[in-house]
Amino acid sequence: MALGRAGREGRAERAPVPPALRRKRRREAGAVLGFLSPWLIGFSFFFVYPLVSTVYFSFMHYDGFGAPSWVGLRNYVYVFATYPHFWQALRNTLWLVVVMVALRTVFGIGIGLLITKVKTGGNLFRTAFYLPYLAPPVAATIGFAFLLNPGTGPVDHFLGDLGLPQPGWFNDPGWSKPGLTLLALWGIGDLMVIFMAALLDVPTAQYEAAELDGAGPWQRFRYVTLPNISPIIMFAVVTGVIQTMQYYTQAIVAGQVASGVIGGSGEQFEPGYPDGSTWTLPQLVYNLGFQRFDEGSACVVSLLLFVIAMAFTGLLLRRRSGLLDDLSEAGG
Amino acid sequence: MTSTARRGGVHDEASGGRGPRRRYRAGSTDAYRRHRRRRVLEWVGVHAVAVAAALFFVLPFVFLFLTSVMTDSQALSTSYWPTHWVWSNYRAIFHLPGFLTWWKNSIEYAVAGTVLTVCSSVPVAFALAKFRFRGRGLAMVLVISAMMLPPQVVIIPMYIFWANQLHLTGTLWPLIIPMAFGDAYSIFLLRQFLLTIPREYLEAARVDGCGHVRTLLRVVLPMARPAVAAVALFQFFYCWNDYFGPQIYASDNPAAWTLSYGLQSLHGAHHTDWNLTMAATLLVMAPVMLVFFLAQKAFIEGVTLTGVKG
Numbered sequence: 184m185a186l187g188r189a190g191r192e193g194r195a196e197r198a199p200v201p202p203a204l205r206r207k208r209r210r211e212a213g214a215v216l217g218f219l220s221p222w223l224i225g226f227s228f229f230f231v232y233p234l235v236s237t238v239y240f241s242f243m244h245y246d247g248f249g250a251p252s253w254v255g256l257r258n259y260v261y262v263f264a265t266y267p268h269f270w271q272a273l274r275n276t277l278w279l280v281v282v283m284v285a286l287r288t289v290f291g292i293g294i295g296l297l298i299t300k301v302k303t304g305g306n307l308f309r310t311a312f313y314l315p316y317l318a319p320p321v322a323a324t325i326g327f328a329f330l331l332n333p334g335t336g337p338v339d340h341f342l343g344d345l346g347l348p349q350p351g352w353f354n355d356p357g358w359s360k361p362g363l364t365l366l367a368l369w370g371i372g373d374l375m376v377i378f379m380a381a382l383l384d385v386p387t388a389q390y391e392a393a394e395l396d397g398a399g400p401w402q403r404f405r406y407v408t409l410p411n412i413s414p415i416i417m418f419a420v421v422t423g424v425i426q427t428m429q430y431y432t433q434a435i436v437a438g439q440v441a442s443g444v445i446g447g448s449g450e451q452f453e454p455g456y457p458d459g460s461t462w463t464l465p466q467l468v469y470n471l472g473f474q475r476f477d478e479g480s481a482c483v484v485s486l487l488l489f490v491i492a493m494a495f496t497g498l499l500l501r502r503r504s505g506l507l508d509d510l511s512e513a514g515g
Numbered sequence: 018m019t020s021t022a023r024r025g026g027v028h029d030e031a032s033g034g035r036g037p038r039r040r041y042r043a044g045s046t047d048a049y050r051r052h053r054r055r056r057v058l059e060w061v062g063v064h065a066v067a068v069a070a071a072l073f074f075v076l077p078f079v080f081l082f083l084t085s086v087m088t089d090s091q092a093l094s095t096s097y098w099p100t101h102w103v104w105s106n107y108r109a110i111f112h113l114p115g116f117l118t119w120w121k122n123s124i125e126y127a128v129a130g131t132v133l134t135v136c137s138s139v140p141v142a143f144a145l146a147k148f149r150f151r152g153r154g155l156a157m158v159l160v161i162s163a164m165m166l167p168p169q170v171v172i173i174p175m176y177i178f179w180a181n182q183l184h185l186t187g188t189l190w191p192l193i194i195p196m197a198f199g200d201a202y203s204i205f206l207l208r209q210f211l212l213t214i215p216r217e218y219l220e221a222a223r224v225d226g227c228g229h230v231r232t233l234l235r236v237v238l239p240m241a242r243p244a245v246a247a248v249a250l251f252q253f254f255y256c257w258n259d260y261f262g263p264q265i266y267a268s269d270n271p272a273a274w275t276l277s278y279g280l281q282s283l284h285g286a287h288h289t290d291w292n293l294t295m296a297a298t299l300l301v302m303a304p305v306m307l308v309f310f311l312a313q314k315a316f317i318e319g320v321t322l323t324g325v326k327g
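So the sequences go chain by chain: A and X. The first sequence begins at 184 in the numbering used here and counts up one residue at a time. The second sequence begins at 18 in the numbering used here and counts up one residue at a time.
Warning: the hint list may mix true and false statements.
[What the hints assert, rightly or not] Coverage of chain X stretches by chain A, computed from C-beta distances (three or more under 8 Å per stretch; other residues unrestricted):
no., stretch
1, 68-76
2, 85-95
3, 161-169
Hints are computed from structural coordinates only; laboratory data are not their basis. Glycine included, every Cβ here is placed at the ideal spot set by N, Cα and C.
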């Protein structure tokens, strides 16, 4: 839409322009360029250049030192056919997308609804629900590793006291991803605020009309609330998928703490503990590029991440073209 | 008919969402009583669920805190409540090697990163929101793409650049310097806010003889204070929480570690000291919580702005 307007402007410029106006326009263009310059430099240097290099390195054998050498598609073949963790990471990512994104969205709507219904102490509850979102991911993950730790963690005792089974959580390949999901649900604060704002925007007249028509609570939710907040659900799902593509810190820290192997200098921790159940795509980049010094193969995974993230960004831009719309007529 | 009902509904909504009460009161008192009982039950139900949810969100903090004041051996036992309160745990972690350095590094990274991001992103957002120029739509698409780009996509060439060309790995410079060139997320958020400022203010400034820079500094910035505050907070939190960046660029040099990165090494180095680890964990959370309580409103507005407006 904005592009169309720019095109029309371009055509208009062909008409003869008085010199004074032309000077003014040139000054305007200079001002725009001046204001944009930090980002123009940053974008070319921290986005375009490395992106092109990533493509270049994906065809090279390079260990970070010396000269890279051309290997054609061999890195691609290696990553997809031989590298032991690729399919594992892809499967884990798919699991996280389906379970974590879906549960976070549903839970976010639920908590958002709850907070709009709370009449007494609303502020207090809202703060309580929001606070975990602020906890630094490393700190939150270490905290959860302790809470869920088999044998010593309070959650473990508690489940034991209730006579429930005590899963191994971050030490059990079947429970590590559910553990991470629990951690993600704990930090739901941002989604809660977004859904709460959307829910408060639903016109009350529509609820009244539905009630007069004899709609029960479920029907009001299904036929009034859901259609009204569906753009926000879409937004939450798409940004959730993109975030899951970047899922890194919690997965690697949970593995490190649970296995007792620290990262940093010295000892090397191979991600994925336990049994490869917490491998994610970004960790492959880390493992290939910074632990195995195979920069070319790391770039193959980077490109895959890029393609997936941009596909979903395209979806977001298309469905919510409002992101690009102007609320007020801008010009100058 | 519908219109009167609706008007009545809107009116009742204003008096606290008690729509149907009047209708029932006009009818039989029995129905009214039944309705009242339902509302009390609803209040109890909603608050019971809210309390249960609040326990889920708050109890982890409570357990982390209780563990942080236990003795080593009690932290590994099966009790929930500390027998003696060992406040000295908090003093002890400051004596752990590196802890103060990480603290200093985190503050440096977060403060420098925040200041640079705000200074470089505001003019860009201003141009994108208030100027009409060719390629503006494309520029917005690129900003949103950059915002959605996983950092791992460009990390290999960037690392090679910082390591082999500038020899700055092992420091926090590779994390701080890029912040002087605008941050896509901050630009996006600021632009969304600036769009809501009516054009009349800008025109008035121009009539008063203000140039673009003066308009930005004197007219737009004071009005955009909540958005600038939100961006600054988000950026501060981003830097404070960042794990990937310090791990890639600073992991070989413990003197350049940040709190977020150093924290996980505490657990490994002091394998069973859950009490000390939890005290450190809470101390890493503390500045973020403190900043949040000081600037709660700006923060929540910022979150809403990214998700809803636009």
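Verification of the hints:
1. Closer than 8 Å: that is the beta-carbon criterion, and the stretch 68-76 of chain X has 5 residues meeting it against chain A, so the requirement of 3 holds.
2. For the stretch 85-95 of chain X, the proposed coverage by chain A is satisfied: 4 residues have a C-beta within less than 8 Å of a C-beta in that chain, meeting the threshold of three.
3. With a threshold of 8 Å between beta carbons, the proposed coverage of the stretch 161-169 of chain X by chain A holds, since 8 of its residues qualify and at least three are required.
Checked against the numbered hints above, the structure breaks none of them.
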